[in-house]
Amino acid sequence: MMWLSANESEALSLSLSVASRSVLLSLPFAVLLAWVLTRRQFVGRTVLDALVHLPLVLPPVVIGYLLLLLFGARGPIGGWLERVFGVELIFTRNGAALATAVMSFPLMVRAMRISLENVDRGLEDAARTLGAGPMDRFATITLPLMLPGVLAGAITAFSAALGEFGAVITFVSNIPGETRTLPLALYTALQTPGGDSAAARLALISCVLGLGGLFLSEWFARHVRRMLGR
Amino acid sequence: MMLQVAAIKHRGSFTLDAQFELPTPGVVALFGRSGCGKSTLVNVIAGLLKPDFGRLALDETVLLDTERHIDVPPERRRIGYVFQDARLFPHLSVAKNLRYAQRRAKVPAFAGIDLVADLLDLGTLMQRRTHQLSGGERQRVAIGRALLSQPSLLLLDEPLASLDAARREEVLPYLETLRDQLAIPMVYVSHHFEEVLRLATHLVLMESGKTIAQGNLGDMSLNPGLRAIIGADAVGAIVDGTVLGLDPASGLLRVQVGHGELKVRFGKLATGAKLRVQLLARDLIVATRAPQQLSVRNSLTGLVTAVMEDDGDSDLIAIDVGGTIITARVTKAATRELGLVSGLPVWALVKTASLRPYPI
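If you read the protein sequences in the order shown, they are chains G and E. Note that my numbering has the first sequence beginning at -15, numbered continuously upward. Note that my numbering has the second sequence beginning at 139, numbered continuously upward.
No wet-lab data here; the hints were simulated from the structure. As the structure is a computational prediction, the values presented were derived from the model and not from experiment. Ideal placement from N, C-alpha and C gives every residue a C-beta, glycine not left out. Please note that the accuracy of each hint is not assured.
Negatives, chain E to chain G, calculated, CB over 10 Å [stated by the list, open to error]:
{"hint": "1", "residue": "162"}
{"hint": "2", "residue": "384"}
{"hint": "3", "residue": "416"}
{"hint": "4", "residue": "428"}
{"hint": "5", "residue": "476"}
Which chain G residues face chain E? A few, computed with CB under 7 Å, are given here [said to hold, decoys possible]:
{"hint": "6", "residue": "106"}
{"hint": "7", "residue": "110"}
{"hint": "8", "residue": "112"}
{"hint": "9", "residue": "113"}
{"hint": "10", "residue": "115"}
{"hint": "11", "residue": "117"}
{"hint": "12", "residue": "128"}
{"hint": "13", "residue": "212"}
Per the computed footprint, the stretches of chain E lying under chain G, defined by three or more beta-carbons under 8 Å from a beta-carbon of chain G, are [to be verified]:
{"hint": "14", "region": "211 to 220"}
{"hint": "15", "region": "238 to 246"}
Could you build the full structure based on these sequences and the hints that come with them?
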């Protein structure tokens, strides 16, 4: 991209990369949790619901800190991931993706739940009488009908992931080319003497990205609604 | 060959306590006022609702027996279900809705897409989206979809209730075709007696969650429980008569009922075919002497078998016209003056215009 500086395009592509990974990582879990929280009655449902919503009410720095404890090189999960899969999270873009995924998870689950609540269970019953088992019903009836919510959730989460600051900088620091996403680059520019104009340009890029996402999601939503015949 | 159903289900203050049998193939109508538990019972049969106690067997196959802990899940019961609101999948076209059922059929197809499309005239609808269909078309597709799952029993829960009279008239002939051409037993839920008359071979009466009476339609037409639901004016014998041929002079169809004969206005029908005729009790005239010089075309001779109080000022006279019972409503004054008592020979008169024929 000709009109962006090397630093800017690096931050932009890194942001897009982190946000995409974050959405791909959280999507299956979010669908599962939305379904469990909407359709299942079990002991501990309220606790699970609260746990999912935790990132909305806790300061992002606290989430970053908790991630460090759990997923750090010596953390119970982080150590295991490194030993078994050789996956390093600290100071990497995958770590940044994890942090943004956790932060945007409640938004994603929320959008999916609203859409799942609107799926007519009578249609699932109808599929059942036609011989469709549980997984079959979910894949062929429930999931396609909650698709607007899945898409809305993914787009909201993607946008939130682009803007996540606190959890990312706490968990994976601010490393150029690896974890310095747009908001971190903007923050760095502000901390640098004479970086005002660079900061302004980065802010503008963020605005364009955000608006673009908004239009894209609107277009998607309309397309899906037409597909579902509404 | 028999469908056997028994179910008890408590739900708050409502209790379903139902039991019925249907010789198969046949069409049993579950009939009763709204909220009497018909849909609940159908959902138990489909397996979508678990009863506290229940038993369901189709011929030799036990699908539900709570005492023996048998409960075949709905997806493996092979019971087709046509819902009142059709429940077509909105994200699939008509053709894909049909194929959805066909692909999941558990047995080799006896009804293929071509046959079903032909029976229900679905050919021109195939590529449509479900929201582009009229109410009647939706129900036809829903019926076709249920058939394509190759069911051994078909449940129809008020499939015409959400349609206006014209649309209902548009779908009913298809249901008649289904009954006549496929030997699938059907459970038909309705609170329209007209639909029952046209489709059912058997009738189960339900009232506040209980099955209060059951039997073949002819026997049930005389049941007092039915009168309470359909009202006094709709009470009358329903007889399945045998066509004797066309009366050349009048162009009317001669139909044998008991040892007598009725002349019925009803197109053409092969000799020997069955025709269902409803003789409303309010339209019948009773005479104790052979009537003469009357315009009435139909006169059946028989013996009074019972005089039942109908309401404050009228009686219901049951008359055996040769193995078939018909009923006439007369005023109590008429009962007294004619001396109508059990065993009395009488003539029952009815105008051809009052006879209601239904093809069966």
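Verification of the hints:
no., hint, result
1, 162, "19 Å, holds"
2, 384, "45 Å, holds"
3, 416, "34 Å, holds"
4, 428, "58 Å, holds"
5, 476, "56 Å, holds"
6, 106, "5 Å, holds"
7, 110, "4 Å, holds"
8, 112, "5 Å, holds"
9, 113, "4 Å, holds"
10, 115, "3 Å, holds"
11, 117, "5 Å, holds"
12, 128, "5 Å, holds"
13, 212, "5 Å, holds"
14, 211 to 220, "holds (count 9)"
15, 238 to 246, "holds (count 5)"
Figure legend: structure checked against the earlier numbered hints; every hint is met.
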